[in-house]
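Participant: Below, each chain spelled out in residue letters.
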Amino acid sequence: MAETQLIVHEPFREAAQQREADALGMWVFLATEAMMFGGLFFALIVIRVIHPQGAQEATNELDMWLGGLNSALLLTSSLTTTLAVTAARNGARGFTIGCLLASAALGAAFLCVKGYEYYVDYTKGLIPAVGKPFPIETTGAELFINGYFVSTGLHAIHLFIGICLAIGLATVVWLRRVPLPGRSIVVEMTGRYWHFVDMVWIFLYPVLYLMDRGG
Amino acid sequence: MAKVVRTGDVIVFVVLMGLLALNMAQARWLDLGSSGRIVTIGLAVGQAAVLLWYFLELRSAAVLTRLAAAAGFFWLALLFGLGLNDWLTR
Amino acid sequence: MEPTKSVELWPTQLSHHAQQVDWVILSFTALLVVLVLPVFAAMIYFAVKYRRGSKADRSPSASRNVWLETSWSVIPFLLAGVFFVWAASLYFDLFHPPADSLGINVLAKQWMWKFEHPGGQREIDTLHVPVDTPVELTMISEDVIHSLFFPALRIKQDVLPGRYTRLWFKADKVGEYHLHCAEFCGTDHSRMGGSLIVLDPEGYQRWLDHAGTDTSLAAAGEALFRKYGCSGCHGANSSVRAPNLVGVYGSPVPLDGGGTVIADERYIRDSVLYPKKQVAAGYKPIMPTFQGQVSEEDLLKLIAYIRSLS
Amino acid sequence: MTSIAAEAAAEPSYLKAGYTLRSWLLTTDHKRIAVLYMISLTAFFFLGGAAAAAVRLNLITPEGAVLTADGYNKAFTIHGVIMVWFFLIPSIPATFGNFMIPLAIGARDLAFPKLNLASWYILILGAAFTIYALVAGGVDTGWTFYTPYSTMFSNTHVVAAIVGVFISGFSSIFTGLNFIVTIHKLRAPGMTWFRLPIFVWSHYATSLILVLATPVLAITLILIAAERLLGIGVFDPALGGDPLLFQHLFWFYSHPAVYIMILPAMGVITELVTTFSRRRVFGYSFVAFASLAIALLSFLVWGHHMFVSGQSMYAGMMFSILSFLVAVPSAIKVYNWTATLYKGQIALDTPMLYAMGFIGLFVVGGLTGLFLASLAIDVHVTDTYFVVAHFHYIMVGATVMGFLGALHYWWPKITGRMYPEWWGRISAAFVFFGFNLTFFPQFILGYLGMPRRYFSYPPEFQVLNVMSSAGASILAVAYLFPFCYLLWSLRYGKIAGPNPWGATGLEWTTSSPPPKHNFPEIPVVTQEAYAYPVAPDGGAHHGGATHHG
Ligand code: HEA
Ligand code: HEA
Ligand code: CUA
Ligand SMILES: [Cu+2]
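Protein chains in written order, with numbering that gives the first Met the number 0: chain A, 0 to 214; chain B, 0 to 89; chain C, 0 to 309; chain D, 0 to 548.
So that you can see chain A by itself, here it is in the shape it has in the complex (with noise of 0.2 Å):
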């Protein structure tokens, strides 16, 4: 029954043809979303490497604890996704809205614990442009926190966008608007993403809060 629901639309001649292409498309895109990302790790890693004793001063200023929370938070939030799509597939329409909602609970908790951190640095005067002055004055040390906030910024829009994907597709889907398990590449395809975004700061996390911690 699942194949009778599957609309088929136009330059596509079989309901096959058109989920592989689907399927693609989406790796594809999250090729180009992984350079991206790339790009900003390579600058992180080539701080690291012409300022080592800067970047881990810096290192130390953030809070491990709660960075660890976060990693914690969207691991678990992998997890409801994962349960949403196997659901989505099985048409268990209710259970697919509530992991779904789960999801962008734990995203949104992600976002808070980030806010609260943020709101750290803020008082530490860590903040480029606002606040007090930085405080540590080992070169590089400045540098690193900046690029900590750009990766950061930048994952956490990402991972924003995740969260009203994941809203607005439990919403279709209580209005039945997309069909399950008719449409269940939907899910798919938004799990795609948002296991994505999780895996951005698999990296992301060691990279700013545990590499040449101590000393």
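Hints in this document: simulated from the structure, not taken from any laboratory. A portion of the hints provided could be inaccurate.
[To be verified] Taking lysine to aspartate or glutamate and the EDC-like style, the derived pairs with C-alpha atoms no more than 16 Å apart in a straight line are:
no., chain 1, residue 1, chain 2, residue 2
1, C, Lys113, C, Asp297
2, C, Lys172, C, Asp199
3, C, Lys108, C, Glu295
4, C, Lys169, C, Asp92
5, D, Lys113, A, Asp21
6, D, Lys342, C, Asp56
7, C, Lys108, C, Glu141
8, D, Lys113, A, Glu9
9, C, Lys108, C, Asp124
Given chain A's structure and the hints, the job is docking chains B, C and D with the ligands onto it.
Facilitator: Leaving out everything else, chains B, C and D with the ligands in the frame of chain A:
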């Protein structure tokens, strides 16, 4: 519900959390010197691989999809490899 | 000795390096002409012989030939490889100035070139050098990226803010030649140029005497060393435990946390501006940063002084 | 299915599928979107050309003839920015690729038609920002936006221009994504990879670059904007940042980007050479794989733009030898085109003239690229007019010629009308002559030591500069010719049949202009590409495809 919540997914989740815990512990309590960087990144790569393979379903994906995913990493390796070479030999 | 105003079709060769570069490009051109002339000739010949309606022989022929195709891609590459090696070895030489070079400091800023001779003589937009003497330029910019370009020597090098770059040459003809800024740097980029004046040794000496200055770079540096308070710590009878800078220049310095560096201009500059970046082994990192207090120009003088101590 | 097919059989051409502005601006038909691109890109080309005219006019006298120094700097910057991002990168892919790929692989449209339309709007939005930067007072950083000049010293509209380029990048990314998915998933039955026309292969390779390189430009531009607005310092030496980091990131994108500009043109040339010599391309698989090899290798050579930048000596050597390596697949293409002519039935119609011009100028541009890749030579000629001549030989001499060749070749398919052949040939000759007169003197100027981006120059360079400016005025007129006679032909041109050139390729089996859904029925492919001979205008019966049902 049993059909919806698969134990496999939960195990994967536990592994991911375990790797996270390991990475945090390592960074906090072990002083691995210069190899610490490699360990940190290695653990993150492990997490990402698990995520890709299971949650992102590369396990059951078409070859083409796997290639698309691999392409991103391969090209990033080019950027890092050739790019860092400059700073490391300056 | 005015730069020539008539049309010239080949730039003057002012050094052995310049001659070599000209040889590379000329012989490379010859090779490439040999490689592509057949292509052009064949294209024209085929276009005529096989024009539509002509009675040429068109009996079926292969539409692929792996060996032929492999050879016409690989052989040109291997031949061109010779020129890679030649050009790369000349490039290698550019990074290895002779030890006995005459050191001159170059300071670039929007939009002028400042040159400082070891004796303290300074000039703007014009550089006097002796003929047949290796000259090594240590260059830094006070603002954006510039690039010092001597067409007659076939060399140029970007001049960066925040880091020394180097350029060396040995001019072998007396005369006046152009120098330009080759990296876009704003409004007067095209006017940020002047002349390179190559003099015979006596002429150079005379110029140095005339350009007269009361103090050499090193002497000026010594004064600054006291003015900025460096001597308070690094001086012979200081109570602070700081390294003695006599003989440091050019020698290896063991670092705190392992490794050694050669104390060159870059290292000294970093020690003054970013003292915590590389801390000498056995000392506490108590040296304050002088970032924002010491200008690039003064830094070069301090370096000249420290250099004179060895 | 059957009902769609029956509908399509009676279907009018895509041009007649609606006459309102709305039917154009909200279309999802790849053919109409291609036409939208063609119109806007032509406008951008003339805008960039006008800036080039200002540049060349100014350089007639050593002291700068018409502009101020700042005005000149803004002129070449806007010239580079517009020409690169708003003309040359989208040029062939977004017009002919967009129009022809679905036709050439036997599909009804691209995989994501709405995304395709969105790409066009995104490009226009990006252009709007860039043009805003221009009219608000201009930008003076050069198209390369080098830091710290662009971040801390320029007081022109850098951020607006960067936002414009940033936005246009998404147009590139989405177009590339669309092409990749289309080529993978929408080939007609029987259209195997090794039956694809080389044009499609080269667009596939181009798309890979678009998708993998452009995001790095995006993040680099974000960093520049953040640095300029917030002073984050990643490229600022005062905070310990490294301007060379910017250069690495920029060229990681921009070198592959130059192959975005040449690969589609190489695909066009393969179509032209085979059609006008009625021969299968020599060494199909070598030529096809050469495109992919170029796409891959293009990511390994970016450091050749930085030989004198203060990059490490070893990095310089590595990038130099890798740059020599890119010449190999390019050489394959050149030699194989030539071999294709052997025993052909050669007709020197306008598109073929452009193709031969392309090969000649590409070879000169490419070989001077090898000079630049040779370290010691580059130390002398980098940042001089030698480089300017190198890239204009490839970008204007080769790619713009390829664009014009494609335009004449597919004009009958797109519009249903023939262009006037005599005018076509004359203009091609003028373009070739004007081009060489403009840019050949620049090689000499560069070797003599005239730096680029110079508003004024030493008087001994005047003769060569005047020659170059004279050539540019011939070139300008030569570009206006096709503009005029092609417009004329829309009304008065001879009606073209489905296959005026007697070419293979599925696009020639459908009517000219094609119906809205491209084919009355999805064709089934039974032959390799370029299965000559084909009788002219017998397209529907011979094109290497049969129709079932
Ligand atoms: C479409 C655009 C395009 C293309 C295709 C190329 C192709 C090449 N380019 Fe070019 N290049 C630019 C556009 C392009 N370039 C631009 C815009 C700049 C300046 C940017 C700026 O600073 O503003 C530039 C600058 C540039 C530089 C830096 C110069 C400098 O600033 O110092 C270098 C250095 O290596 C270079 C090299 C090459 C090489 C080796 C190729 C090769 O791909 C060429 C390969 C082709 C051939 C070699 C010819 C065919 C082969 C044969 C006929 C067989 C015989 C060959 C052999 C002997 C092997 N280019
Ligand atoms: C696709 C890319 C492309 C194209 C097509 C062109 C086309 C041309 N370019 Fe361009 N050029 C670049 C890309 C391109 N250029 C880039 C990337 C740079 C580097 C910028 C930088 O340094 O940052 C550059 C730089 C550059 C310079 C160097 C400036 C400097 O370093 O100081 C010069 C100088 O001669 C030049 C000339 C020309 C000329 C004469 C044409 C001609 O082919 C143009 C011919 C077309 C026309 C002239 C339009 C015809 C129509 C009309 C004339 C009618 C309307 C006009 C009026 C009403 C006046 N270009
Ligand atoms: Cu200084 Cu250009
Ligand atoms: Cu390049």
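Participant: Now tell me, hint by hint, if it's right for this structure.
Facilitator: Okay, the hints, checked on the actual structure:
For the given pair, Lys113 (chain C) sits about 13 Å from Asp297 (chain C) by alpha-carbon distance, which is consistent with the 16 Å threshold. Taking the CA atoms of Lys172 (chain C) and Asp199 (chain C), the gap is near 9 Å; set against the 16 Å cutoff, the hint holds. The straight-line distance between the Cα atoms of Lys108 (chain C) and Glu295 (chain C) is roughly 11 Å, inside the 16 Å bound, and the hint therefore holds. A distance of roughly 12 Å separates the Cα atoms of Lys169 (chain C) and Asp92 (chain C); the hinted pair therefore holds under the 16 Å criterion.
Pair hint Lys113 (chain D) plus Asp21 (chain A) holds up; C-alpha atoms about 13 Å apart against a cutoff of 16 Å. Of the pairs offered as hints, the one joining Lys342 (chain D) and Asp56 (chain C) holds, with about 7 Å between alpha carbons and a cut-off of 16 Å not exceeded. Taking the CA atoms of Lys108 (chain C) and Glu141 (chain C), the gap is near 5 Å; set against the 16 Å cutoff, the hint holds. Of the supplied pair hints, the one linking Lys113 (chain D) and Glu9 (chain A) holds, its CA atoms being roughly 11 Å apart against a limit of 16 Å.
Between the alpha carbons of Lys108 (chain C) and Asp124 (chain C) the distance comes to roughly 11 Å, so the proposed pair stays at or under 16 Å and holds.
Hint violations for this structure: none, all hints satisfied.
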